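Work out the full structure: start from the sequences and follow the hints.
Read off the chains here:
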Amino acid sequence: MNLLRLPFRPAPVWLSPTIRGLFTVWLTCIVCIFANAQTNLNITGKVMDDKGNPVPGASVVVRGTKTGTSSDSSGNFKLTLPGEKAVLVISSVGFNGTEITVTQSGPVDITLVKKDNTNEEVVVIGYGTQKKVDVTGAIASVSGDKINQGINQSVANSLQGQAPGVTVIQNSGEPGGSTNIVIRGTGTINNNSPLYVVDGIIAPDINGLNPADVENISVLKDAASAAIYGSRGGNGVVIVTTKKGKRNQKTNVSFNTSQGIQSAWRMPEALNAADRNMIHKEALTNDGTPTTDPIWDYYNNPDHAVTRTDWFNEILQPGYISNQDLAIRGGSGQSNYSFSLGFLNNDGILKGSNFQRYNIRFNSQHELIKNLTFGENFSVVLSDTKTAETRGDYDGVLSSAMFNFRDIPVYVDQANKIYGAPSGDFPNPVASLDSRDYKTKRASLIGNIYLEYKFLKMFTVKTDFGYDWQFSKSKNFVAIADGGGRGLTQNSLSENYATNNVWVWNNTISFDKTIDRHHVTALAGMSAESGIYEYTGAGTALNFSNQDPALRYYDNAGTFPNHANGSADDYSLQGYFGRVTYEFDNRYLLAGNIRRDGSSKFAPDHRWGTFPSISGGWRLSNESFFPLKESVSELKIRASWGQLGNDKIPNYQYFSTISSVGSPTLNGVPYTAVAQNSMANTNIHWEVTTQTDIGIDLGLLKNRLLVTADYFDRRTTDVLVQVPLVASYGVGIAPFQNAGIVSNKGFELGATYRSAPKSKFTYQVTANVSSVTNKLETLGVEGSNEIFVSNYKNTLVGRIAEGEAIGHFYVLKALGIFQTQEEIDAYKDKNGNVIQPSAVPGDVKFLDANEDGVISAKDRVNAGNSFPKLSYSFNISAGYSGFDFNMFWTGTQGNKIFNGMKLGEIFMQGTSYNNGTDILDRWTPTSKSTTIPRVTVKDLNSNKTFNTLYIEDGSFLRMKYLTVGYTFGEDLIGKKITKLRAFITLQNMITITKYSGFDPEIGADVNSYSNIYGVDRGAYPQAKAFIFGINFNF
Amino acid sequence: MKKYSIIILALSMLSSCSKSFLDKEPHTFTSAVFWQTADQAESALAGAYTPLQGEEALGGEEWASMESFSDIGYENDNYPDFIAMSEFRANQNTENDLSLNSYTEYFQVIKRASDVVANVPNITMDEAQKKRILGEANFLLGWAYFTEVIRYGGVPLYDPANPESPLTRATEADTWANIERVLLEATTQLSWDHEKGRPGLGAAWGLLAKAYAYQQKWTESKNAAETVINSGKHSLYPVFRDLFTIEHDNASENLWVLGAREGEYPITGTLYLPNDVWGGAHDEPLGNGWRLVSATQNFYDSYEEGDERKAATVAKRNVDVVTYFGVTDVLKAPNNQSPVVCVKFQRPFEQEYNNLAPGLSIAALRYSDILLLDAEAIMNLSGGGPQNRTVPVAAAAVPFNLVRERAGLDPIAAPTFDDLMYERKHELAFEGGDRHFDLVRWGLAAEVYNNLPAEGTYKPKRTFDPAKHRLLPYPQSQIDISNGTIKQNPGYQ
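Sequence order for the protein chains is A and B. Residues in the first sequence are numbered from 1 upward in steps of one, following the numbering used here. Residues in the second sequence are numbered from 1035 upward in steps of one, following the numbering used here.
There could be a bad hint or two in this list.
Said to hold, decoys possible - DSSO-like cross-link-like pairs, simulated, lysine-lysine; straight-line CA separation at most 30 Å:
| no. | chain 1 | residue 1 | chain 2 | residue 2 |
| --- | --- | --- | --- | --- |
| 1 | A | K858 | B | K1251 |
| 2 | B | K1502 | A | K830 |
| 3 | A | K828 | B | K1502 |
| 4 | B | K1058 | A | K938 |
| 5 | B | K1521 | A | K813 |
| 6 | B | K1058 | A | K648 |
| 7 | A | K830 | B | K1521 |
| 8 | B | K1366 | A | K938 |
| 9 | B | K1058 | B | K1251 |
| 10 | A | K702 | A | K132 |
| 11 | A | K473 | B | K1058 |
| 12 | A | K828 | B | K1521 |
| 13 | A | K858 | B | K1230 |
| 14 | A | K858 | B | K1495 |
| 15 | B | K1058 | A | K828 |
| 16 | B | K1251 | A | K281 |
| 17 | B | K1459 | A | K793 |
| 18 | A | K281 | B | K1350 |
| 19 | B | K1366 | A | K281 |
| 20 | B | K1495 | A | K830 |
| 21 | A | K775 | A | K648 |
| 22 | A | K131 | A | K281 |
| 23 | B | K1251 | A | K938 |
| 24 | B | K1267 | A | K938 |
| 25 | B | K1502 | A | K938 |
| 26 | A | K281 | A | K979 |
| 27 | A | K648 | B | K1350 |
| 28 | A | K793 | A | K869 |
| 29 | B | K1366 | A | K417 |
| 30 | B | K1495 | B | K1459 |
| 31 | A | K793 | B | K1521 |
| 32 | A | K246 | A | K979 |
Stated by the list, open to error - Ranges of calculated distance between the beta carbons of each label pair, as one might list FRET restraints:
| no. | chain 1 | residue 1 | chain 2 | residue 2 | range |
| --- | --- | --- | --- | --- | --- |
| 33 | A | P290 | B | G1442 | 31 to 39 Å |
| 34 | B | A1162 | A | K417 | 36 to 44 Å |
| 35 | A | K473 | B | K1230 | 43 to 51 Å |
| 36 | B | A1152 | A | F362 | 17 to 25 Å |
| 37 | B | G1525 | A | S838 | 45 to 53 Å |
Bear in mind the hints are in silico, worked out from the structure with no lab data behind them. Computed from a predicted model, the values in this text were never measured in an experiment. Ideal Cβ placement from N, Cα and C applies to all residues, glycine included.
Right under this line is the structure:
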C-alpha cells in the first residue's frame, strides 16, 4: 500500500555507497514504523543554499537513528517520524551540515551554507577523481575561473603562474602564438612537453582550447600521480576537464564578451640618420679607411643626414583583441548537456598579423537505463593565422626595423609602390610586411564517446573511445616589392598540408568500497592508441605575372613547382595499468600504481616497459593525540616514489631508412634522389624518470590559510641522446642511444590566505614560488660531452653539456674594455706573449679560458641559463558588494637572455646597417666606456664575436592582469537576466625588468621543442592591453 | 555476466593482436627492402649528386671563398674566422660554417657514392646501365676525395663494411691512392658520351690528370690528359666569355658541370655580385649581390694587354663598362672594399632578372684546365717546372697555345713555366681556388704571397709558412666529436 509510494527513487549516481546503504536500513525501519502505527510527525521541507537555490539530494536523518530521507531535485523532502520531537541532521556534499529540532508537523525551510570547500574538494586524477584530502601525490588543481578571465587567448597562457612548479613559457606575443609548458624542470634533452589529457583523451596540445570551456585543470607533477599514464607521464601530465551541464538544472545561458586595445609596452630605439653618420664615420676613421675611398661619399652626402623614417612607427599599430563566448548548459533527471561557442579575433601590434579562432564544443550524458550511462564530448576548432615574420636572421621584421637606415624613406614612390631600398641585407620592413603573405588555417575535430556501468554498488566499468582529427594548411606567398630588398625580388608561392589522425581506446574497471573505517579503491584498465601524421608539401611556384591576392594559386604561376613532397609518420602505443588506494580512518593513506606499456618506437625486444609507483600520506591533524587542533585544521604529510617513461623521440629510430634527399638536375631536369640519411640503433628503449616527492599540506586558522609545500628529486636515466657523429659518416642524422642522465631537484611552495566565510568583504591572496636546479649529469657517450644548439647567424650560441644545466649560453667571456695600450700589452699568457695583439684601446678584453694564449672558440664559457632559477607569482582578489578585484603578477629570477639584436645595436654589423642608440655611449678616447667597445667595421679584435656583452639578465616581474568588475544587483537588471557583470582589465600593464630588448618573455627557440629558451632574434613582443568586457547569464 | 564477457572479449582482442598492433614500419624505404631495381639504383646515385648543390659545395660559398687564399681575391665581408684562415692568421678551423659545411657535404657524396658502389653490383639490371651508374659513383668519389685532400691532406676513407672507418684519417698518400683507384675504375665504366650534369670518360681522365699532377706523376698525368685530348670529344669554346652563359654552359669544353636549376641553385653569380652596382646612377634591385668574394687591384693589373679574359673576369670601379639589369654603364660598386669585382658569372644578370639562381651550370672541370695540365706535365718531363721557371719547352706549345690563343693572345713558340703560371692564373680565376692550390703544389706559395705588398685593409700583408699553411686546419668539430681519433694538421693547435 503506502509502501509503494514511499519516496524511494533511484539514487543520484553521485551518492556514495554508504548513503545508499543507509537507505536500505531506513526502508526496514519504515516498515517497522508502519507496523507500530504510533503518533507521527509529518514533516515536509525544502533544503536551499544560502542564495535560495534548491539543494537536491541532501540527506535528512534523525539524529541518533538511521531514519532519514533525501531531498528531491527541487530540494523538497517529506518525512514521517514517530514521536513528538526529533532532531534532524541535514547534510549534503559541499555544504556545512546543520541540525534543526522539529516538534510539530508541517513545512520547514532549511538553509545549508556552502562549505568552505577545502576538505571536500575533489581533484581530477588519471582515469578518475579523488578527494583532495586523500591525495598522496603532488597535484596542482586549477579551477576554471582562474583559467577563464575572459582575456586570455589560450588555456596554456592562463595557466601561467597558477601552479607552482609549472613553468609556462609564451613563445612570443604573436597572435595565436604557441606556448610551452615545462613541469618541474627540463627532464630530458629531448622533448620536454607534458602529456595533455582533455576529458580523458590524450591530446597533442591544448593550444586550440577555448579557456571559457574549462572547468578544471589538474597538473600531475610527481611520479606517483602521473604513473597511471606510465610511459607518457615522464614530463608530467596536464588533465583538462571541460564544463558539463548538471542534472536537474534548468537551462542556463551565459554570454561573455570582451574587447581590448593592445600596444607595445616598449620599443628599442635606433639611431637617426645624423647620429648614424657620426658613428659610422667614426668607425671608418678608427679603421684608417682612406679618405679617397668612395664609401665616405655616402656619409658626406647631406641628403643622407636627413631622418625620414621611424621604422618602428611604420610597422606597429594599435592591436585589437575581441573575445566572445556563448554557452548553454542544463540537464534533466537522467541527462545533462552543454553546448558552447567561442570566437576570438586578434589583430596583433605588428601590422598584418592576425589570429582568429572559432570554437564549438558539445557534450552530454544520459543515463540510458539505471546505472548505465552514455556520454560524449565533441569539439570543433577552426583557426586562421596570419603571421608577420619575426624570427628570420635577416627577414625578421623587428630586426629589419632596427637595422635599416632611417634616412631611407618607406617609399620612394608611394603611388607606384616603389619602396625605399634598404642599405643592407635586412629588407625594407614595410615592404617585408606588405609582401609576405603567410597564412595558416587549422581545423580540428576531437571527440569521444563512452559507456559506463555501475554494478554491485562498488564496481564501475567504463569503455571510452576517442578520435582526434587535425588538419592544417599553410600558404606562403611572397610578392615582389619594388626596392624592398633581399628576398623580395621574386614572387613565389608554397603550400603544404598536414593531417593528424589519432584514436584512443580506454577500458577501465574500478572499485570503491568503504567498510567501517577502511576505504579501498582500485582501478584496472587498458589503453590502446594509434596515430598517423601525413604531410604533403606542394612545392614552390614562381613568377606570378599578377600578384593580386585573388590570384595567388598555383594555376596562375609562371613557373610551376617541379617537386612535390610528402611523408607519413605513424605510431601505436598499448598499456595495461592498475591502481589501488587504501585509506584508514581519514588518517592513513596509501596508494600504488603500476603500468606496463609497449611503444612502436622501439624494436620488439625493447618495446615494453613497466613503471611502478607508491605513495603514502598521514593526516596528522586527524589523530586523537594531535595537540594543535584549535589552530591547525589540516596537516598532512605526503611522500611518493615512482618511475615513469618517456618515448618522445621521432618514430622509426630503430630502422635504417632511405629517404628523399632533394633532387639534383641531371640532363636538365630534376631527378628523384634518395639516400640513407640516418643511422639506426635497434637497441634503444624507454627513457626512465625516477622521482621522489615529499610534501606537506597545511590548513591554519580554520583553513583560511592554506599552505602546500613540496620537495622533489627527479632523475631521468637512459636519456635518449643523439650522439653527434663525425661528418665522415656522411649521414645527417645521428642515431639515438640510451645514455644520458639528467637530474632536477627543487621545491615548490603555494600559499593562500582568504577572508573568513560569510564576510561581506571577501578577499584571497595566493602566492606561488618554485625553484628547480637542473643538471645534465652525463651524456653517457664516448667522445662527446656536449651538444651545441641554437644557430644564430651561423653560430651556435646554446650548449647542452655534462655537469651543467641544460640549455645554457656558451660564448666568450668579455672581461671589459681595454682602456689603454698598457693594459693590452700587460694582458699576457703564461709564456709572456700578448694574448690580444690585434687589440687597440677601446676593444673588448676576452677571457683566455683555456689559457692557450689565443682567443678562440675554445675560450667560450657557460654564460648562464635560459631557464629561471626561481619562478613566482601572486594573485590578489577581493570582492565587496558587487565589486570584484583581481590582480595577478608573475615573474622569474635568474634566467639569462641572449640578445641577438645587440650585434647591430652596440657593435658595427657593417656599414650597411643602422645601430641602436646605446652605441652613442661607446668607448672613445675622451669618453672611456667600460661596457661598449669602440666602433669599428674591420673589427680586427673580433669585438662582435658572440660574448657575454650579448647576455642579459632576463629576470622580470610583470603584472599579467588587473581586473575590476561589478556585478549588477537583481533590482537593476530584472528577472530574465540572472547575472550581469561588467569588467575592465589592464593586461601586461607593468613590467619590471633590466632586460633591454623588446620583451623579456622569449620562448623556445625556433623549433618549439628545443630545450633552449631566450634567444632573442627580435621576437614578437607581448602586448599590453586595455580590455573591457561584459558577462551575462540568462 | 554479459558485461564481464565484453571486457574479457576486449582484453583478449587487444592482447591477441598486440604484436602486429605495435609494429609500425616507416613510410620510406628501409635498407632491408631497397637496392632491388634499376630505378632505385638511379635514384640512389642521384642522392650522391644532391650534396653538390649545397650552399658550400660546387659553385657555392666555400668554393668561391677559396680564391681569398690566393693573390687573386679576398673575402669582402662576413666570416671573420674564414678570413683569418685565408690570411694565414688562424690557429684553428672552428665556428666557420664554410669549411665545415663543405666538408660535410663532400662526405655525404662519399657515403652515398660508396653505398652505390657497394650495393648496385648485386642488383639484377641492364649491365650497361649498371656500369654507367658505378662509373659515375666512382667518379663522384674521386671528385669528393680530391676536393678534401687538397684542402686537408689525408681524410677518413669511408668503408660501408667498416663502421670504424670514418673515425680515423688515412694518410695523404693512401687518400691519393684511393682517388687513383676509384677514378681508374671509373675509366673502365664510363663512356665518352654522357648526359648533362653527369661525368663521362673525359671527366674521369681529366680529373685523373689533375690528381697525378698534384702528386707530380708527370708521365701518368700527361697520358691521362692526352687521353682526353686525343679522344676528339672535347674542344675549347671559341669565345671565352660566352662559355659562362646559360646558352653555352654545357659546351663540350666543360668536362663536368653541376647541373643548375633556375630559382634553386647554384647562386654563384650572386656570391660575386656587388650589392650596389650603379651607386644610384640607375635603377637596380639593391642588396641582391652578396659581394662575398672580390678581386684585388693586383690581379686586375696582372693581365697582359689584349687578354680577352680580363673583361670576362673582372671589372674596375669608375673604369670598366659593365652590363647589368638592362643597363650598360661604368661600374660603381661603392660599397666594395677593393675597386675590382669578379664578373665571370654575371652574364645571366645582364638582363633584368628576378632570380638569384638564374640556372647557370657551374663547370667543375674544364678542357682548358686539362690542356694546361698536359702542357705542365710536358714541361716537367722536359726540364721545365716550378724550379726552372724560365726554361722554354717547345714540346708544350700545342696544348698551351690552344688556351692562350682562345684568349686573344699571341702564341708562344716555346712557353716557360712562368708562361704556364700566367695562363692557369687567368684562365681559372674564381673557379674554386685553383690558383692557391697550384701555388701550394708548386711550392711557390710562400714566394708569391710573402712578397706581395699589402693592398688596402682587405688584403693585408700575409706570411705563408709552407710546413703549416700547405694544408688548412682540420675542422675542429671533427676532432672534438671523434674524441681525438681524428688528429689536427701539423702546426695547428
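How the hints compare with the structure:
Restraint check: the Cα-Cα separation between K858(A) and K1251(B) comes to about 41 Å, which exceeds 30 Å; the hinted pair is violated. For the suggested pair K1502(B) and K830(A), the alpha carbons sit about 24 Å apart, so the restraint of at most 30 Å is met. A threshold of 30 Å between alpha carbons decides the hint, and for K828(A) with K1502(B) the separation of about 24 Å falls inside it, so the pair holds. A distance of roughly 56 Å separates the Cα atoms of K1058(B) and K938(A); the hinted pair therefore is violated under the 30 Å criterion.
The hinted pair formed by K1521(B) and K813(A) meets the criterion: a straight-line CA distance of about 28 Å does not exceed 30 Å. Restraint check for K1058(B) and K648(A): satisfied, since their Cα atoms lie roughly 16 Å apart, inside the 30 Å limit. Restraint check for K830(A) and K1521(B): satisfied, since their Cα atoms lie roughly 25 Å apart, inside the 30 Å limit. The suggested pairing of K1366(B) with K938(A) holds, with an alpha-carbon distance near 22 Å, which does not exceed 30 Å.
With a CA separation close to 55 Å, the supplied pair K1058(B) and K1251(B) exceeds the 30 Å bound. Restraint check: the Cα-Cα separation between K702(A) and K132(A) comes to about 17 Å, which is no more than 30 Å; the hinted pair holds. Taking the CA atoms of K473(A) and K1058(B), the gap is near 26 Å; set against the 30 Å cutoff, the hint holds. For a cut-off of 30 Å, the pair hint linking K828(A) to K1521(B) stands: about 28 Å separates their Cα positions.
The suggested pairing of K858(A) with K1230(B) is violated, with an alpha-carbon distance near 45 Å, which exceeds 30 Å. With a CA separation close to 27 Å, the supplied pair K858(A) and K1495(B) stays within the 30 Å bound. Only pairs whose Cα atoms come within 30 Å are accepted, and K1058(B) paired with K828(A) is rejected, the gap being roughly 61 Å. Distance restraint check for K1251(B) and K281(A): the Cα-Cα separation of roughly 55 Å exceeds the 30 Å cut-off, and the hinted pair is therefore not satisfied.
Restraint check: the Cα-Cα separation between K1459(B) and K793(A) comes to about 34 Å, which exceeds 30 Å; the hinted pair is violated. A distance of roughly 25 Å separates the Cα atoms of K281(A) and K1350(B); the hinted pair therefore holds under the 30 Å criterion. Taking the CA atoms of K1366(B) and K281(A), the gap is near 21 Å; set against the 30 Å cutoff, the hint holds. Restraint check for K1495(B) and K830(A): the C-alpha separation of about 28 Å stays at or below 30 Å, so the hint holds.
Annotation: proposed proximity of K775(A) to K648(A) holds, straight-line Cα distance about 20 Å (limit 30 Å). Straight-line distance between C-alpha atoms of K131(A) and K281(A) comes to about 72 Å, which puts the hinted pair past the 30 Å bound. As the CA atoms of K1251(B) and K938(A) are separated by approximately 44 Å, the hinted pair breaks the 30 Å bound. Between the alpha carbons of K1267(B) and K938(A) the distance comes to roughly 50 Å, so the proposed pair goes past 30 Å and is violated.
Between the alpha carbons of K1502(B) and K938(A) the distance comes to roughly 26 Å, so the proposed pair stays at or under 30 Å and holds. In summary, the hint linking K281(A) to K979(A) is not supported, as the alpha carbons are separated by about 67 Å, beyond the 30 Å threshold. Under the criterion of a C-alpha separation no larger than 30 Å, the hint pairing K648(A) with K1350(B) is inconsistent with the structure, at around 58 Å. Of the pairs offered as hints, the one joining K793(A) and K869(A) holds, with about 28 Å between alpha carbons and a cut-off of 30 Å not exceeded.
Between K1366(B) and K417(A) the alpha-carbon distance is near 26 Å, which keeps this suggested pair within the 30 Å criterion. With a C-alpha separation of about 20 Å, the suggested pairing of K1495(B) with K1459(B) holds against the 30 Å cut-off. This hinted pair checks out: K793(A) and K1521(B) have alpha carbons roughly 28 Å apart, not beyond 30 Å. A hinted pair counts as satisfied when its Cα atoms are at most 30 Å apart, and K246(A) with K979(A) qualifies at roughly 18 Å.
For P290(A) and G1442(B), the hinted distance range of 31 to 39 Å is satisfied, since their beta carbons lie about 35 Å from each other. About 57 Å separates the C-beta atoms of A1162(B) and K417(A), a value inconsistent with the hinted range of 36 to 44 Å. Evaluation of the 43 to 51 Å hint for K473(A) and K1230(B) yields a failure: the beta carbon distance comes to about 37 Å. For A1152(B) paired with F362(A), a C-beta distance near 59 Å fails the hint of 17 to 25 Å.
The hinted window of 45 to 53 Å between G1525(B) and S838(A) is violated, with their beta carbons roughly 20 Å apart.
When each numbered hint is compared with the structure, violations occur for hints 1, 4, 9, 13, 15, 16, 17, 22, 23, 24, 26, 27, 34, 35, 36 and 37.
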